[in-house]
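Student: End of the sequence shown sits at 646 in the numbering used here; the numbers just go up one at a time, nothing left out.
Quick caveat, the hints were computed from the structure, so don't treat them as lab data. Remember, it's a predicted structure, so these values are computed and weren't measured experimentally. The beta carbon of each residue, even a glycine, is placed where N, CA and C say it ideally should be.
List time: in silico SDA-like cross-link candidates among lysine to any residue, alpha-carbon distance up to 25 Å:
1) K325 x D90
2) K325 x P341
3) K555 x P374
4) K122 x H329
Label pairs and their in silico Cβ distance ranges:
5) R187 x R342: 38 to 46 Å
6) R450 x G150: 30 to 38 Å
7) F168 x T340: 38 to 46 Å
8) G333 x A18: 20 to 28 Å
9) N24 x G531: 47 to 55 Å
10) S104 x G332: 21 to 29 Å
11) V641 x A614: 17 to 25 Å
12) A18 x S487: 42 to 50 Å
13) A614 x R534: 28 to 36 Å
14) S104 x A463: 36 to 44 Å
15) R450 x V592: 42 to 50 Å
16) Q422 x A280: 41 to 49 Å
17) R88 x A266: 46 to 54 Å
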Amino acid sequence: MRRLAIVNRGEAAMRALAAVAELNRAGTAARITTIAVHTDADAGAWFVREANEAVPLGPATYVDPTDGHRTSAYLDEERVVDLLRVARADAVWVGWGFVAESASFAQRCEDAGVVYVGPDAKTIHLLGDKVAAKRIAEQAEVPVLPWSGGPVDSAEEAAAAAQRIGGFPVLLKAAAGGGGRGIRIVRSPDELGPALASARSEAQLAFGDPSVFLEGFVPRARHVEVQIIADGHGTTWAVGVRDCSIQRRNQKVIEESASTLFDAAAEQWVKDAAVRLAQAVGYRNAGTVEFLVDGDGRVMFMEVNTRLQVEHPVTEATTGLDLVKMQLHVAGGGRLEGRTPRALGHAVEVRLNAEDPEQGFAPAPGRIVLWRPPAGPGIRVDSGVTEGDVIAPEFDSMIAKIIAWGRDREEALARLRRALAQCAVVVEGGTTNRSFLLSLLNRPEVQEGRFDNRWLDRLTADAEHVPQPDPVAVLAAAVEGYDGDQSAAQAAFHAVAERGRPEAPEQVGHVIQLRYRGAAYRLSVFLTGPGSYRIDTGSGLVDVGVERLGDYERKLSVQGRSYRITAVTEGPTFLIDVDGTTHRVARDDGGVVRAMAPAFVSSVLVAPGDEVAAGDPLVVAESMKMETTITAPFAGTVASVLIAAN
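Could you put the whole structure together from the sequences, leaning on the hints where they help?
Tutor: As structure tokens, then:
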């Protein structure tokens, strides 16, 4: 391989570029030229700047002529392969997402004479179909979850299958694709019809295949997976076991290697099962075999991901392997030499995203105006953005993956908590889940390994992920509000003074009206010296000292204690991070309800004159492929609606 095209973006593309740069600098093989395939939205992105060459793909989305839906330009397979020919690419790396599990794309590459760095099209087609994969697992004597035995096309067929496998609740799952799409929990027979229609519709939109099957629902299972890598000469390695049980709506949030569930014998058993399944289909290149473990410790096959996983760095951290370089090695005909590498220590990974946990994890994209990644012993950061880059609403919201390695799990978790507390990130117009991740890592369930794949959903459903109220956040917001109002007052004074009629302000200080966690605050703020403020809360006076460490970072002193603050002003909203915990404090401007980020208005649920209670839905908005319901911040009457659907 001399000319490698990268059909991906962001962090995935940067991961491939890093691996190729190391191979080129090692000088042990022919030099590889990298070609970034990018959309217009990413024309100035980091991965495009880092690649040797770049090929523009055009707008970020296109209208699929087969169904009329707008979709990612990376999924326009015919155009992408045409560009590979134009770029004279002799190999292509796809990473994860987009076309990474597309058998048709792999086939197009094979037909065009382009080496596809991954399994061949036949294997992807076979294992990408979860129905076929379950049948292969059964033939390889790998235990599977009770299931319908094939696709279900009607509610009647699904109901009969549900009874055969033990009754409700059950899980409807798309036969194609992944990423948590096309999955529905069905708890009773009367939910089956609507859930089947919904799952089939989402599967068709996401993967172009409406097929779904029925699977037994394990209410409190652990999700574990085995990383495999296989060459074309009959050798398959199972190089690590990962635990990905901490998920929200089937999306992984925290991943670790290995699993606290398994002793050495159990870990070897699940590795052997993964190898048997891979060899049953002649698997080549990197892949992941996923399992569920029920409350009785039974391990059951779930599916195969015929690609590299987002969470592969925890396996690399514990084995010392570079899985991307290994992908390139075996794709070029190389052998896996020697014994399967052994894992050492423990690694944990979190996904730092531009999303707002307090607003139902709504996407919160924007420009990164501050990005100071953590460093230190055992810390790795995989990112596809730099300061000044934009987290685009057309793509996923990931900023970085932060991985910590330790000699044992306790040390790995401690290092990860330290790293998250150390890192600083500000998204202009958006926010991040850094505070949420820190709070999760501090919970005893995580520290003691007492969780399952529905634990986080239960936690967020009860709003236990929302941080406790902190009066320091209100004081910090009041100071930011004072500074903004004072700057405006000074500008107005100077503008009038330039015309020869300076006027002294009518009052000293500023009254700042705030709303925080449903409560209103009226605070009088006075500047008493450089970096010194006095705040009248209405029930007493509080002196606050402020040391500005940058555009967003502050050191606040209140009643003899200091706090590390990151303060971001977004219109009428203050995002105040107090010692690693983020709080949203708003200017109380008469009940105007605002979206937290640019979004498409899907539907308006209220009209002028409607009475609403706190938390009632007002508007459904869509951004970054996710729908978000904007709710009433407090009870009242809808006075006016200034937007409309579409």
